[in-house]
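Residue strings, one per chain:
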Amino acid sequence: MRSNANGAEQQRRLISDVAAPADALTRLVAHGDQQFEAFFERVESVELLPKGAPNRVRLRKEQGLAVRKIENGRSRLAAADTISGPAFAACCDRVAGTARSIGTAPPRIRTGRWPALRLAEIEQAESRLTRAVNRRRVGFPMEITARRHRRQVQVIRSRVAAPPQFEEYFSLQVTTPWGVWGGLLPSLAAEDLDPVALCLVDRLRSRSLPPERPGRGVIVLGPNAAAVLLHEVVAHALEADTLALSGSPDQVVGLRLGGPELDVVDDPRSAPLACKRSSDDEGTAAISRWLLRRGRVRQPLADLAWAERYPSMIPGAGRRASRHRLPGPRTTHLELLPGAIPERELFAEAAGGLYIGEFERGNLDPFDGRCVLRAPCGRRIGATGPSDHTGPVEIRSRAVDLLAAVAAVGDRPLAGGAGWCAKDGALLPVWARCPSVRLEGLEVAD
Amino acid sequence: MKFARLPGTRSLRLALGAVRERTGAPGAELYVKVGNTRRIEIDPWMTPLPVDPDDLDTQVSILDERGWALRAGGANRALFLADSGPLPEPNGWRRLSRHSLRPGTLRLPSPASGTSPGTAPSPSADLAEHDTDDEETAGRALLHGVLRRLGDRMPEARLIRGRLDTGASAAVLASTTGVTGRTALRLATVELDFAASRDGRQGHSRLYRAASNLQMLSADSIASEIAERLTLATAPAPPFLPAGEVAVSPALGCYLLALLAPLLQGRDGWRRLRELGAGRPLGPPQLQIVDDGALDAGWMSAAHDDEGVPTRAVALVRDGEPGEPLLSWEDDGWSGFAAAGCRRRSGWRALPELCHSHLHIGGGAEAPESIRTGIVHGCYLLDRAHDGRCHATFEPSTNGSAGSLGEGRFEVDAIGLVIRRGTVLGEAPRVRLTGTVRQLLQGIRAIGDDLRFLPAPGAIGAPTLLLTGLQVEAIA
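Protein chains in written order, with the numbering used here: chain H, 13 to 458; chain L, 5 to 480.
There's no promise every hint is true.
[To be verified] Computed from the model, here is a short list of chain L residues facing chain H with C-beta under 7 Å:
{"hint": "1", "residue": "W49"}
{"hint": "2", "residue": "L53"}
{"hint": "3", "residue": "L60"}
{"hint": "4", "residue": "D68"}
{"hint": "5", "residue": "E69"}
{"hint": "6", "residue": "R70"}
{"hint": "7", "residue": "A82"}
{"hint": "8", "residue": "F84"}
{"hint": "9", "residue": "G89"}
{"hint": "10", "residue": "S101"}
{"hint": "11", "residue": "H103"}
{"hint": "12", "residue": "R106"}
{"hint": "13", "residue": "A145"}
{"hint": "14", "residue": "S350"}
{"hint": "15", "residue": "R353"}
Read the hints as simulated data drawn from the structure, not as lab findings. Every residue gets a Cβ at the ideal spot worked out from N, C-alpha and C, and that includes glycine.
So that you can see chain L by itself, here it is in the shape it has in the complex:
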């Protein structure tokens, strides 16, 4: 299957000229996106499992997506218009007039504010076409492989829902300020929901994984992860819980970081980070928290963001101290910090918004196994508990915005293991990990070398972490 073709920058410039002529807008920007997705869904009634993956009972959707968005206006009046289908021809903008602009403001980045003029190269730009028919066969084989291997490991596991999406998208943008850019991405995601019952105890496991292509998703490791989680979720509660060290897996580390992600952005995010330390380091010297829109081999890696501003690595926390803020082009130069491309659109219908792309805790030097076996008296928490709590609360400030990070508390329900002197004493089907954000960061004692990313949305990454000073309690 071939992509619908993206218009060239010349077509976009012609369209921009027509829009300005019709509306009288001082500035305008056009963003065009095309994509295709092949979705394979599997429901409980579609099992039992056939021998041949091609006979696997599934529902398939083949989706072609295509749309564009226009932003036009200036200091007092503005317009946002999004529509599906191909970009109108230059004479197709007749419905626009000066009255189409309504009260509002529009500011657009210019090459002078740190953007690259001309077409910026994208590391994934060569992926614009792929054979989705082959991907359907490969997708069925992956789902079949997961079900077969899980059946071997844990016959009592029951599928609730499975969904595999493979797809690619490409976008082009141009503005009257001279910014242009193209991006192309490929992504495969798998979302699986299983339940099991052992000795009358019900347990659930939901797994959501992503990779740049389908071949990077392994049926064996996915089945192993699900079996491991279901085994823990259906285990009896431990007679006691040691409240010493807590090691958290990369998966749970990602959820913890995701709770903080929205609060680390922009000028406010920088203020919160500075206040969090209160004159002391935020965490151990090996702690790095980085957002990198151009991360090598990242799922969303692109040379520039969805406004055409070049991306780069931004170390929010560097060597345990506040590093630099994640600033959009509008705040370029604020307090002497440079902007980075960090405004993204969730689709062609959406306006660009400040958000992270590959936010992660940088990998350390320790092997995860040595972190786990090094626990003297504590827990190893593997993942979130299904339908359990996972939230952070912050006292609102007087102006209604989110308050300081330091006073913020988090609560995460998790599944894991009770460990003493490196030996597993038993399973913990549901424990509640609580503490303040300050305790969370300052309590980091070791950072593993197994950095892993999860879709969160965007990409959030963490390695195995050893934490102290947090509260852990068993819950029913």
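Bound conformation, chain H alone:
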């Protein structure tokens, strides 16, 4: 049912006629080094707070546009909180620096209708999650805030208009007496809520245990935790703006970052169903981008501005948190390709090691390459796999050491590790699909 609904919504255009603004943009170009782009955005967020909260249902809708001039890698952007011909013309004037830059009459821009408001699935989230927790023979007080996020984007660059993009996903915040769990989900169906229940039960069982200090033994990361690790030490590390802080971004191509079992791809086209993207937030076609091929850097993440500065870089990874922000190179959907080792064999000869199912937070220092990953809990590895629960775990290590420690990659990739990436304060949803990985001989700093 949901896929049909999304399909219909994906077909719905944000603006009805792209020719008029496209034509207007061509009039702005003064010389060949200039590119102009119009970005139209519509965002809707529906929030359902726990029972008893004031204004329990909160609906936020917004739409607006931005016009950007790119010249020699530099951007000049003007944005407005409304979609209309006069607003578009005013933004064009601001980036061009002249009045009536696109002529005397602003183009006619009409917007389509908002997608229908559906509340039922959000209202059912609480009972579904409670049932998933109860199936594990436990029960505890939970305050659940569920949100549905929808975003429509249309980018027009000169006479070229990329296909309109539509994203729909959900976020949950679950408050328990021992902490808060938060994350993104592609849907609120039972199969997506079940892993959330597992995380909540793990946190319940480890709630009063002291922090665990990982030694040099084996650490097995579940798919969610492996996704966060790769997000920090591969995706962030290979964003062109991060690389530029320590040198020329294109010089890392060919550099060995890990063993031959590491094949990492960023592919927005294979993100979960309602979050797939065929083009980025600059209207460039999204590609399946090999970040690491057999452990070596193949293609860093780049947007138009960075690709203009370094011609060997391929754009298509430009993302913007909103029309008010300039785009930057970011990951959308990270995939670690499966290895040949069956999942259960990852735990072989790992007795006494540590299993980490999820990291709640990760951070990479772009200058010295130090990475901090925090897990709310872990599990000791016994003879047959994960057994006793442990308290919180913090891994501090250099990114290169973390990647070098990956000794084996499981054969069963799972969607997981989705969350908000907050680099530079720009909040973006990121998705991943990873198998479990085994780390050996990891140097852990204090």
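Following the hints, position chain L against chain H.
Okay, now just chain L, sitting in the frame of chain H:
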């Protein structure tokens, strides 16, 4: 550039009437906000520095923001709806119906509960229009000035990221209870991130400063602050750390106060403050902790808050003793205390929430220099260490809420100087200052007269403080 026009209160009343008619809601409130911002960003690849500030390589964003929020409902059913763009015409509310209200509650302030009927004057209301083109030129000159002066002082300093925002906003609200109000604000913020390497030691410095207008930000003092911090951050670790007195700069004092800020609000905040003293004074007699939404020359100064309730100074700690709680209009009269306007919105998309506006430790009488030179055996801590710890932990109470302040511990990683008998013995690139909240307040021995505000969010202010009884240790 001109502001988008705000609707008049008559338009808002007409819209409120239409909303009530469509939804049957007993009460409703409309809040409309417009603003413009000019953002100048500079990245490492945009340097080296040109001679002329106008040639400085930057990325510029000119942002017009406009939106509104509606709250409607009553005791059992409520609605919150926010949208961008201009406020709909009275006949533009047709999509609303009685079914738009969902289970929930809505209470709105009324003039009788301490709010001012009619339009309340705002000290910044005359700032509704300004020339942002001139501000772009001035902004470039400021960033250029910072880079040039820092280059002179510390050639090895490398820019990581710089961002300057200048802007203005104005808002109007009206409710069916008769509350109306208008506010206007101007703000300039600069966020700069630098790194340096000396003798193989890496150091970082991040500076975030705000002022009511761009002209109040000085390139010279910003460059001087960054150079000072980078010098400390790249210094070798001291052979020993004296654990006596600790003087903290206004910047670090602001971070310490910011850790406590969320725990000092509302009825719970008052309970925690009372328990913290446990029958003894909270701090020395000269200690004042005040939140003042109407602070003279404050960045966020306004005659009323974002629900139209008049603002005023609230002395949370007065003469070292608990003063009065920061209460919203809903708690007006609780334990005999009066409410103050203290519910703010982070933007038009947000609901008003209880929070401070200009929370600060009142300035004392001592010159900061005399506090620093008066240290017999201790440290002068200048700022937070980049990416270091800065948090407070409180044992949760049995009902899951934050527990008592007295048991709370804080940890802040800082950069500073080792001082003996007023003489600087060496630098401390990273030390960890720890203690309990009770020790922090009761250990205050002197308060400087150099009160300074930092954006935190909101505004948090502190002068130089001399502290005793805290733990200081060097960390790698």
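Structure-based check of each hint:
1. W49: holds (6 Å)
2. L53: Because about 16 Å separates L:L53 from the closest Cβ in chain H, which is outside the 7 Å limit, the hint is violated.
3. L60: It is violated, given that the least Cβ distance between L:L60 and chain H is near 11 Å, above 7 Å.
4. D68: holds (5 Å)
5. E69: Nearest chain H Cβ about 5 Å off; hint holds.
6. R70: holds (4 Å)
7. A82: This hint holds: L:A82 lies near chain H, its Cβ roughly 5 Å from the closest one there, short of 7 Å.
8. F84: Because about 4 Å separates L:F84 from the closest Cβ in chain H, which is inside the 7 Å limit, the hint holds.
9. G89: Constraint on L:G89 satisfied, holds at 4 Å.
10. S101: violated (12 Å)
11. H103: With a minimum Cβ separation of about 11 Å from chain H (threshold 7 Å), the hint on L:H103 is violated.
12. R106: holds (4 Å)
13. A145: violated (18 Å)
14. S350: This hint is violated: L:S350 lies away from chain H, its Cβ roughly 13 Å from the closest one there, beyond 7 Å.
15. R353: L:R353 check passes; min Cβ-Cβ to chain H is 5 Å, inside 7 Å.
When each numbered hint is compared with the structure, violations occur for hints 2, 3, 10, 11, 13 and 14.
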